[in-house]
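Student: Please model the complete structure; the sequences and the hints are all you need to start from.
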Amino acid sequence: MIVNLALMLTLLLVIGFAAQWLAWRVKLPAILFLLLAGILLGPVSGLVEPDKLLGKWLFPAVSLAVALILFEGSMTLRFHELRGIGRAVRGLVSYGAVTALLMLAAAAHWIAGLDWPIAFLFGALGCVTGPTVIVPMLRTLRPDAKIANTLRWEGIVIDPLGALFAVLVFEAIVSREQGHSLGVFAATIGSGVVIGVVGAIVLAFLLRRHLIPEYLQNFGTMAAVLGAFSASNAITHESGLLAVTIMGIVIGNRRDVHIDHIMDFKEDLSTLLVSMLFVILAARLKWPLPDGMLLGGALVFLAAQFVVRPVSTWLATLGSTLNWRQRALIAWVAPRGIVAAAVSALFALRLEELKVPGAEGLVPLVFSLIIGTVILQSATSRQFARWLRVAEPEPDGVLVFGADPVARAVAAALAAADFRVLVVDDDWDGIRAARMQGLETFFGSPTSQHADHHMDLTGIGRLLAMSTRRELNSLAVVHYRQEFGRERVYRLRNLAPEERHDRRNFAGNLLAPALFGEDMTHARFAEMMSEGWRIKSTKLTETFDWPHFVEQYGSGSVLLFGIGERGVLRVVSSKRELDPKPGWTVIVLVPPRQDEEEAGT
Numbered sequence: 001m002i003v004n005l006a007l008m009l010t011l012l013l014v015i016g017f018a019a020q021w022l023a024w025r026v027k028l029p030a031i032l033f034l035l036l037a038g039i040l041l042g043p044v045s046g047l048v049e050p051d052k053l054l055g056k057w058l059f060p061a062v063s064l065a066v067a068l069i070l071f072e073g074s075m076t077l078r079f080h081e082l083r084g085i086g087r088a089v090r091g092l093v094s095y096g097a098v099t100a101l102l103m104l105a106a107a108a109h110w111i112a113g114l115d116w117p118i119a120f121l122f123g124a125l126g127c128v129t130g131p132t133v134i135v136p137m138l139r140t141l142r143p144d145a146k147i148a149n150t151l152r153w154e155g156i157v158i159d160p161l162g163a164l165f166a167v168l169v170f171e172a173i174v175s176r177e178q179g180h181s182l183g184v185f186a187a188t189i190g191s192g193v194v195i196g197v198v199g200a201i202v203l204a205f206l207l208r209r210h211l212i213p214e215y216l217q218n219f220g221t222m223a224a225v226l227g228a229f230s231a232s233n234a235i236t237h238e239s240g241l242l243a244v245t246i247m248g249i250v251i252g253n254r255r256d257v258h259i260d261h262i263m264d265f266k267e268d269l270s271t272l273l274v275s276m277l278f279v280i281l282a283a284r285l286k287w288p289l290p291d292g293m294l295l296g297g298a299l300v301f302l303a304a305q306f307v308v309r310p311v312s313t314w315l316a317t318l319g320s321t322l323n324w325r326q327r328a329l330i331a332w333v334a335p336r337g338i339v340a341a342a343v344s345a346l347f348a349l350r351l352e353e354l355k356v357p358g359a360e361g362l363v364p365l366v367f368s369l370i371i372g373t374v375i376l377q378s379a380t381s382r383q384f385a386r387w388l389r390v391a392e393p394e395p396d397g398v399l400v401f402g403a404d405p406v407a408r409a410v411a412a413a414l415a416a417a418d419f420r421v422l423v424v425d426d427d428w429d430g431i432r433a434a435r436m437q438g439l440e441t442f443f444g445s446p447t448s449q450h451a452d453h454h455m456d457l458t459g460i461g462r463l464l465a466m467s468t469r470r471e472l473n474s475l476a477v478v479h480y481r482q483e484f485g486r487e488r489v490y491r492l493r494n495l496a497p498e499e500r501h502d503r504r505n506f507a508g509n510l511l512a513p514a515l516f517g518e519d520m521t522h523a524r525f526a527e528m529m530s531e532g533w534r535i536k537s538t539k540l541t542e543t544f545d546w547p548h549f550v551e552q553y554g555s556g557s558v559l560l561f562g563i564g565e566r567g568v569l570r571v572v573s574s575k576r577e578l579d580p581k582p583g584w585t586v587i588v589l590v591p592p593r594q595d596e597e598e599a600g601t
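With the UniProt record's numbering, letter number 350 in the sequence shown gets 350, and the count goes up by one each step, no holes.
Think of the hints as simulated: they come from the structure by calculation, not from any bench.
Mixed in with the good hints there might be a few duds.
Simulated crosslink set (DSS-like; lysine-lysine; CA at most 25 Å straight-line) [what the hints assert, rightly or not]:
no. : residue 1 : residue 2
1   : Lys-539   : Lys-581
2   : Lys-286   : Lys-52
3   : Lys-536   : Lys-355
4   : Lys-52    : Lys-355
All values derive from a computational prediction rather than experimental measurement.
Tutor: What follows is the structure in structure tokens.
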């Protein structure tokens, strides 16, 4: 049994990884492939039976995993960001979400036949989207900036708020089923809130005073979260999820605590937990489904897609700056994600233990909604956006990885040429300097899950990896060549050709072409700038063409970019030399002597 369990868990781990990798390759939400894999392993083939596999450990394991997922998600909610998200987003995450909840509950009750308590729980879970499903869809959808920002911020904000609301509805159902009074329900909520706040304050104190060494902070945070979850459940049953959700929100809004490294760890841990958890939960589905659930799930999905989302979006965006075309696309795009799947499965386990009528129908309805919205919207949203004429053209903006003086100078030159430029780095001093120059920035690692969820890549179609860290440049190139295409990622060399001796450097040549030619390195570029070389942008004409430019500014001038007459950006690299034509704008690194002569004339 131990060997079988070990082999089965290893198989589930491998399948989870394969599903995540496939999702990355095809740019679709991973939850779709995870759920489909679980359905194939469970109800279709019968290879995996989670209840027999894990036995009495199933509920505790799922509970702890969901607690960590909710904590990680709730840490992303920043109250100060709610003030700047716009009227449309505020409407979507407040009265728009409440409208969706009530309409979904009505559909679940009248169409699928769920009792009202379970129907309201389904509504609370079904109104939640989330960045894990929205962001991959936006990459292929490529709507205009207003739509992209609205959908992205809706997913970020409603994810923890929806989880909190679902937990409250669940607490009400459990209290009612166990015959508890309103006072017991209030005590349960109060216990969860108090323990969550106290746990966050204690953890923040330990982190702020450096009483936990840095290498143990991730471990300590996980132990504190699970400790708060278990303690809250021990004091008042079913309050643990509320405690960890509150704990995450409080920690995430403490400005005196540095949590970026904790966020990175929790993101990696959540990816692992989600990959295993969803395969196991989907494998628990019974086939055939409970009477009426297959047809009911399909009809509820259609109601959610064609009635609930359009109505709630129309109400939420009244009076906003969005036009009808933008509102129509937002009304079409609302895939459901991790919170709905994970929390519904956990709640279903507990409600089935309590023998709550209709509890067996919760997971099939939620999974039907998830699979239906992801498949339909992924397949049709891009075409719908084009038909509405709200899709962005081919992205020509530039993502610059690096915030040192060299990267900032290149980014500023491109921004001055009216390209959207986003400077990203985890060096705070460099990012602050870039902001002082008026450049758009993102603080953090460009390859982290946090960046995937929060970094706005609307209109961005190229990567210039220009940081001083060679390994991170290579990692960024690998990460974004799938996003932008192999021919649209570049890296500035950190080593000169004569310094490259090992296989890693040879492999670097295969990752992406070298920016500005084989011989240009970051150190050489920085040295030239320190000697007074400057980046100059000039429009070529018939009377002042490229040979005239070279004659005036010197043959040592380094051509960096060319911008064609139609505004198409061309990047000089080891694989592409440019022959600028009249009508082009050239961006060139010119020697200091020429600038001084020009200043004197």
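Student: Are the hints correct? Go through all of them and say.
Tutor: Each hint tested on the structure:
1. With a C-alpha separation of about 10 Å, the suggested pairing of Lys-539 with Lys-581 holds against the 25 Å cut-off.
2. Between Lys-286 and Lys-52, the direct Cα distance comes to roughly 14 Å. Compliance with the 25 Å bound is thereby established for this hinted pair.
3. Between Lys-536 and Lys-355 the CA atoms are separated by roughly 74 Å; this puts the pair beyond 25 Å, and the hint is violated.
4. For a cut-off of 25 Å, the pair hint linking Lys-52 to Lys-355 stands: about 20 Å separates their Cα positions.
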